[in-house]
Amino acid sequence: MITVVLGALPFTVITLLVFDGWPPLQQWDASVAARAAAYGATHPQVVDFWEVVGAVVLPWANRAVILIVAAYLWHRRARLLTVWLLVTAGAELGLVQAVKFIFTRARPEEMLVATDGWSFVSGHATAAFVMAGALGVVLPSVRGWRRRFRLLVLLPVIVVVWIASADRIALNVHYVSDVLGGWALGLAILTATSIGFGLRPGLRRRRRRTPSSPEEIARPPRAAVIVNPIKVGDGVAFRRKVTRALELRGYDDPLWLETREDDSGNAMAKRAIEYESDLVLVAGGDGTVRVVCAALAHTGIPVGVIPAGTGNLLARNLHIPLDLDDALERILEGRDRRIDLVSVRGDELDTDRFAVMAGLGLDAAIISGAPPVLKAQIGWPAYLVSTARNINHPSVRVRITFDDDLTIERRVRTVVIGNVGMLQANIPLLPDARPDDGLLDVVVIAPRRVTQWPIVVWRLVTRTNRADMYLERFTARKVAITAADAVQRQLDGDPIGPGRSLTAEVEPAALVTRVPNRR
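Just so you know, the sequence shown maps onto residues 1 to 519 in full-length UniProt numbering.
Hints were generated in silico from the structure; no laboratory data involved. All values derive from a computational prediction rather than experimental measurement. Hints are not guaranteed to be accurate.
Unchecked claim - For each label pair, taking beta carbons as the anchor points, the in silico distance ranges come out as: (1) 404 with 263: 31 to 37 Å; (2) 405 with 468: 35 to 41 Å; (3) 345 with 102: 20 to 26 Å.
Said to hold, decoys possible - Below, simulated SDA-like cross-link-like pairs (lysine to any residue); rule was C-alpha separation at most 20 Å, straight line: (4) 231 with 262; (5) 241 with 351; (6) 270 with 512; (7) 100 with 231; (8) 478 with 351.
Here a beta-carbon is modelled for each residue, glycine too, at the ideal position from N, C-alpha and C.
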């Protein structure tokens with residue numbers, strides 16, 4: 001939230017200075033506009049040149065570049081980056097028009113070409129800045145693009161930003177402050193969408209792993225790769241990348257294990273144990289990750305989570321990048337970290353484990369109702385569709401017992417038990433949750449009417465810890481929930497069917513995970 005606010009600060013400052021009539025800025029605008037008008041009046045050929053430039057660097061040309069890059073990323077199965085690019089381009093288009101409509105600033109009186117619309121902000125400058133910034137975020141996240149090639153792309157787009165901005169001033173259709181406001185608005189858009197999508201640009205160089213002990217020299221380290229083929233998509237390209245990344249670090253040929261419709265990873269994890277794996281990589285949805293982690297509990301074998309599903313919640317909370325190549329590098333060059341798992345049981349449910357969150361009520365209904373086709377196409381935003389459908393999900397009376405001691409009764413919309421705290425889009429559902437603190441964090445959400453949901457959402461986004469009738473948080477080592485009626489339940493984003501009870505107990509330091517090194 002602080003980062004988003006700081007990203008919007010330049011635009012806020014420039015807007016206030018422009019419309020508060022700050023004398024130095026007014027004088028600068030007037031001086032540059034007068035010079036541009038005078039020069040253009042005596043040099044028509046220069047005006048013709050800048051008109052041609054303006055036609056080339058139209059905002060839609062910059063948006064077309066973003067669409068082309070988005071199509072390329074979609075082909076590369078970098079779905080998160082694709083959706084981020086499209087959302088960013090859409091935000092730029094909408095916000096530029098909204099700002100113009102809100103402030104209705106007249107254009108300079110002595111324009112050198114005829115154009116309509118309002119002056120603040122410059123749409124050309126904003127679109128060019130967003131295009132350049134978007135490529136600056138995307139290129140470091142796409143493996144296979146050499147560093148020099150990135151520079152060859154980024155340097156021209158930076159030049160485009162300057163040319164598009166200079167064109168607006170040279171033709172005297174925008175003030176200097178309009179261009180600065182466009183840059184600042186572009187920065188605010190890029191900051192907000194990047195934070196919202198949890199992007200982490202920037203990669204470290206790849207290093208070859210060398211054996212460090214006689215045992216390793218005698219036997220290269222072994223890795224098993226457990227894959228959900230439905231989630232991975234292009235299995236051939238995925239297998240080639242993973243095999244190459246392991247080979248570069250001295251691993252033997254990996255053992256490849258694919259999940260089946262009737263087994264999300266339990267038998268595959270046991271096979272990896274029998275193989276005496278030094279590392280298990282798991283690529284699939286949250287359900288596959290949960291099953292594999294549960295089977296590898298207390299074995300001491302490190303688990304590396306390669307994001308390939310809709311939510312990727314464990315990967316997000318362990319700060320593993322969502323791009324495949326980046327994730328592979330961070331995992332294989334990373335460190336081992338022990339985290340807790342949570343054993344869970346309930347009616348019509350065999351004893352199981354989860355690593356992220358379990359829920360009862362609305363959150364489970366949202367997960368159950370998300371359209372599978374939409375999840376496959378756009379990922380976690382598909383849950384927004386299900387949220388809209390279930391926003392008026394009925395409340396239920398529950399009894400919650402913490403550590404066999406404290407018992408409360410509430411009428412709730414949902415109860416979530418978490419081992420970690422962050423949802424998609426970096427929403428801090430349980431801001432104090434840590435995967436290695438030996439505690440469970442519980443949130444009880446109980447708005448009585450649909451109109452009270454904005455209060456709950458605001459408190460979640462701003463990480464407000466104040467307890468009230470809408471939202472309460474608790475911590476314990478054991479949590480038992482009993483509902484008056486059967487309601488939907490979920491484990492790590494997997495629906496497990498309706499029921500009336502759910503009991504969770506933490507298993508401290510049960511799982512070894514491979515996570516990125518601290519920065």
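Hints, one by one, checked against the model:
1. The hinted range of 31 to 37 Å is satisfied by residue 404 and residue 263, whose Cβ atoms lie roughly 35 Å apart.
2. Look at residue 405 against residue 468: about 23 Å separates their beta carbons, and that is not inside 35 to 41 Å.
3. Between residue 345 and residue 102 the C-beta distance comes to about 55 Å, which lies outside the given range of 20 to 26 Å.
4. For the suggested pair residue 231 and residue 262, the alpha carbons sit about 15 Å apart, so the restraint of at most 20 Å is met.
5. Under the criterion of a C-alpha separation no larger than 20 Å, the hint pairing residue 241 with residue 351 is inconsistent with the structure, at around 36 Å.
6. Of the pairs offered as hints, the one joining residue 270 and residue 512 holds, with about 16 Å between alpha carbons and a cut-off of 20 Å not exceeded.
7. Note on residue 100 and residue 231: the hinted pairing is violated, with a Cα-Cα distance of about 43 Å set against a maximum of 20 Å.
8. Between residue 478 and residue 351, the direct Cα distance comes to roughly 14 Å. Compliance with the 20 Å bound is thereby established for this hinted pair.
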